[in-house]
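Participant: Each chain, letter by letter, is given below.
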Amino acid sequence: MSLGGFDVQVLRENGFATEEMTLNMGPQHPSTHGVLRFVVRADGEVMTEAVPDVGYLHRSIEKIAEKVGYHGFMPYTDRVDYVAAMPCNQGWAMVCEKLAGIEVPRRAEYCRVIACEFNRISSHLIAVGTMGMDIGAFTPFTHALREREHINDLLEELCGARLTFNYMRIGGVAWDLPPDFAEKGLAYIDRFEPLIDEYNALISFNKIYKERLINVAVITGEEAINYNLVGPNLRGSGVDFDVRRDIPYSIYPELQFDVPVGHGEEGTLGDCFDRYMVRIREIQESCKIIRQCLQQIPEGSVLAKIPRKFKPPVGDAYVRIESARGDMGWYCVSDGSEYPYRVKVRTGSFTATSIIEQVSRGLMIADLITVVASFDLVAPEIDR
Amino acid sequence: MDTAAIYSKLKERFGDAVLALESEDAGDPAIRIQPRAIVEVAAWLHAEADTAFDCLTNQSGVDYPDRNEVEVVYHLFSYSLRHTCVLKVGVPRDNPSMPTVDPVWKTANWMEREVFDLVGVVFEGHPDLRRILLPEDWVGHPLRKDFVEPTEYHGISTKRESML
Amino acid sequence: MKDLVLSLIAEGGALAGVPFSLAAPLVMVAFGALVVFGFVLPIAGITSWLERRVWARIQSRIGPNRVGPQGFLQWLADGLKNLLKEDIIPSAADKWLFSLAPYLVVVGFIATFAAVPFTSSLIIADLNIGILYITAVTGIVVVGVLMAGWSSNNKWSLLGGIRSAAQIVSYEIPAGLSVFPIVLLTGTLSMQGIIRAQGWAPWDWFFFYNPFTFAAFFVFFVAALAEGNRTPFDIPEAESELVAGFCTEYSGMRYLLFFLEEWGNLYVIGAIVTTLFLGGWQVPAFTDNPMLLAVAQFGTFFLKAYFFVFVAMWVRATLPRVRVDQLMTVCWKYMVPIAIVNMLGTAAWMLFVPETLGRLVQFGMTGLGAVVVVVFFRRVRFHLRRANLKPSDYYYSPII
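In order, the protein sequence lines correspond to chains A, B and C. The numbering of the first sequence is the numbering used here, which starts it at 1 and goes up by one. The numbering of the second sequence is the numbering used here, which starts it at 1 and goes up by one. The numbering of the third sequence is the numbering used here, which starts it at 1 and goes up by one.
Bound conformation, chain A alone (with noise of 0.2 Å):
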């Protein structure tokens, strides 16, 4: 193994008596994301293995799921990625509604598409501040807090929650948006927009935070595929795909947007800094979206008449939404009782980890805070 020229081999082979520490970083750790756990071997600051340990945040939301109902399972998929929830909620009205055949009226679909881009971009504000934040610079994460705050304020007033909304019903959204809330949203988006040029300025290209990404843990196109990375993870690696495009579902089709894709423009295609620049993007892109659905919204009914004891047909369906950590799958078995038969929830963080094991090698210490990052790993969305 060799590090900018220092060969760690030939400390061995000199006769020195070295010994590999193990070093148990987390549960309780400031920079793992929650409750994560990696069990690093290392040389020195050169770790030859670091394996992650995950599970510290099982609350069992499928076996819940089991047990409480269709409808009754909405604010537990909250708690599956609290940190983007709205698109949790829509995966599962989706799957519910793909099971049964319903169909959503227009306003709610955009309804839907605004609370999630919403939700995309303060996901992505924590993404990138923690990100600043786990690389030593304290200051970016406190303005992309500010920012979220704001939009934890409009969805708020949306749905009466700033984290965990149960914003989203089989069949449309609790409710409709408040009055003026478009107005409040683009003039939110409009002050915002200007703002990613300044966070720019002051930590995308700051030559440190630079090198500290570039060519760190570095994933090719085929790789992110095999390890079933997803959303900006893969993205950063080059591939060019995004559920909202390519699998088309809700309104996306009708609405203009890019998918940002990552092409090694400091250093290697795939590094931490493509992932990150990716998230940076679809933070502009989110504002573009917004923008759109609210100039476009109809008028309309928010909800489809959905019967209290919902019972969809006996079948399975397998639904993938774009969350804020990417592609999200939900497949839910149902056999025509009121109960969902069984709920599985494939998660974009729970793939991402699986990666680490492999990547970690060879980095340093230092490195696995940013792996860690850069993958925007949430913890409580790996264990459920």
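Hint data in this document are derived by calculation from the structure and do not stem from the laboratory. Since no wrong hints were added, every one of them can be taken at face value.
Restricting the straight-line Cα-Cα distance to at most 25 Å, the calculated cross-link-like pairs of lysine-lysine (DSS-like) are: (1) B/K145 to A/K67; (2) B/K159 to A/K63; (3) B/K88 to B/K11; (4) A/K311 to A/K67; (5) A/K67 to B/K159; (6) A/K311 to B/K145; (7) C/K333 to A/K207; (8) C/K333 to A/K210; (9) A/K63 to B/K88; (10) B/K88 to B/K9; (11) B/K88 to B/K106; (12) A/K309 to A/K63; (13) B/K145 to A/K309; (14) A/K63 to B/K145; (15) A/K311 to B/K88; (16) C/K155 to C/K95; (17) C/K95 to C/K85.
Among chain A residues calculated to face chain C with C-beta under 7 Å, some are: (18) L23; (19) E45; (20) A137; (21) A366.
Idealized CB from N, CA, C, for every residue including glycine.
Take the given structure of chain A and dock chains B and C to it, following the hints.
Facilitator: Relative to chain A, chains B and C alone:
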């Protein structure tokens, strides 16, 4: 390529190992495969140019006590051809053992660990088949339909007098 | 100091009749105690409060503002709280080393004040090896940090301690080499001697003396930040990687002592930079009153030194942290060669550049410096106007 076309190609190539095309229920059509043949089928679907399923997007286990089998469901996706396919494999409940597809798709490593953990399917040849979400010393597989919730865990009662 | 002692033991002085050999140590000890308790500890505390406020302001937060006016007494409250906390020594720790380490760190930092000047006459000991003494005595800090890291019996602490040792030892070299040009120019190691060799006017400062001393200033300041474990070189206590680095296992007062060192050390960095490059306490001789002159000198020196404390805070709020291998690269591949070039360049400058040309260069560089400052403030104004931010945009203002 839709599921029916993939089914006929698979039937042609593997014969009896491919059991049936299930499309009568609501939701996605699926192809049922013999447990022993899953690795060859998976490798073939991955390698063949007109299927090219380079990604296993989801793998889940479902317990069916009335059929006395545990079903493992593979949701495949091809990034190059942008088409999907669902494979289903049933293994008996009392001896739920089948080969691993880890050599074909690396992501199956963790997904199979999860299926093993929650439903109890043993994947032969898996490099690291340990519990993933539940504690190492957990007894049973909670997503089995006959799983009984333990009344205590390490001396801590799981029941509460009041729900508040 | 000698003058002060002589005036005190003279007829009518407070110590009249006491022999010099007794009075001198007495006065020095008394003055040292005054400096430590009346200046060093408060300045470290106030710096901690100010850093939190400056940090908060840069980050669109408010910061501590509850204890006293604008939260000014926050440092006292924090100090008291930490003193009253339980002093935990982990059962697996090496008890003696663990207890001793914070004191060693604090000793290493407070001892530097023996040679830090305040005015032309106020200095605990104007050692003829002053700057060498300061460089040497800060070396004790690394021993303390390494002891803390080792004795905690915690792998994070150990990593932090090792990182700190590697970092401080490495950065001593560019820092030491950057002092050489000044020593060459003045021919003395005494802090007061170095200041006396400069003048009150910016063109008489060594900062603008020639391009090599100018570069040496930046090398020294960066190296000093690294020695003080400040961002972007705060890897020994990098909280996102090593939890809290070498002070992970410490609590209460011992934990506080490490931070006392960190904040107090900022002032030491500012004081050394001011002494070496920025003319120290030099003020124009505007009055004959020695008292008034001393106050002006103290004010000048303090403001100059504290400006660099502010710069360190500003840097900390702006920059991310470098990785440990990048830290070493910066030191050995860039800063050490630059420092050596500075030293040789200054020697060549002294040999070959005639005095009139040197004088012209001083004025030219001072002008250039003034231009840079003006351009900087114009750019800040330009960006503020372009951003067109309302005050409500700086802080979070709820929509509903």
